[in-house]
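Read top to bottom, the protein sequences are chains A and B.
Throughout the first sequence, residue numbering follows the working numbering, covering 1 to 115 in sequence.
Throughout the second sequence, residue numbering follows the working numbering, covering 1 to 113 in sequence.
For the record, the hints were derived by calculation from the structure and aren't laboratory data.
Source: prediction; values computed, not measured.
Note that beta-carbon positions come from the ideal geometry of N, C-alpha and C, so glycine has one too.
Hints are not guaranteed to be accurate.
What the hints assert, rightly or not - Computed footprint of chain A on chain B, listed as stretches where at least three residues anywhere in the stretch have a Cβ under 8 Å from a Cβ of chain A:
1. 34 to 46
2. 103 to 112
Stated by the list, open to error - Calculated cross-link-like contacts (lysine to any residue; reagent style SDA-like; alpha-carbon spacing at most 25 Å):
3. A/K64 / A/T113
4. A/K55 / B/H72
5. A/K14 / A/G53
6. B/K58 / A/A2
7. A/K41 / B/K57
8. A/K55 / B/K58
9. B/K57 / B/H72
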Amino acid sequence: GAVVSQHPSWVICKSGTSVKIECRSLDFQATTMFWYRQFPKQSLMLMATSNEGSKATYEQGVEKDKFLINHASLTLSTLTVTSAHPEDSSFYICSAAGVSGNTIYFGEGSWLTVV
Amino acid sequence: GENVEQHPSTLSVQEGDSAVIKCTYSDSASNYFPWYKQELGKRPQLIIDIRSNVGEKKDQRIAVTLNKTAKHFSLHITETQPEDSAVYFCAASRPGGSYIPTFGRGTSLIVHP
């Protein structure tokens, strides 16, 4: 299957700072990538859909000015958590749709801890 | 939009027993139904999927069935092993360029040795 790589795996930052998480499709071009947030023992909550070359589509209740998404190329999407607060601490995971369109592949996920 | 319900939320079985997880979906246009396995702190891994033109698909100890009329699909794991312990998510999606899967809430499967 296709490979999606996410970096960093772990990050600790201070309140008020910004953190950038990268999501790369390594062996295929992904016109669409998805960003999820997952709380312990809960399902994947879709935050936004990232489309190459255009603005991301955010789900209801997700602050677009706080969670900045950039999809500048067919293989890279970034999520920047701005002015991070402790309640932003979570597991963030990206995914990308493969060439076939339906099958999606997940990145390794990024644990964010805001202190 | 699509709504996917998944049951049970927790499933505890003895090693060697079978496990069944069920999902229902609301959008009759959905035509692709993947199942993911997620171990603690790791990424969800696609384990099996089924498309709406097929009623059943099997891969070794794992099988998935789909009932389009009733709009439900199920994951069946036979001869369970402790390493099958994980959270399993079902999902449903519809065709089109803006493919967005809708996930179920997940089932925590615990296989006791």
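Unmet hints by their number, sorted upward, for this structure: Failing hints, ascending: 4, 5, 7, 8.
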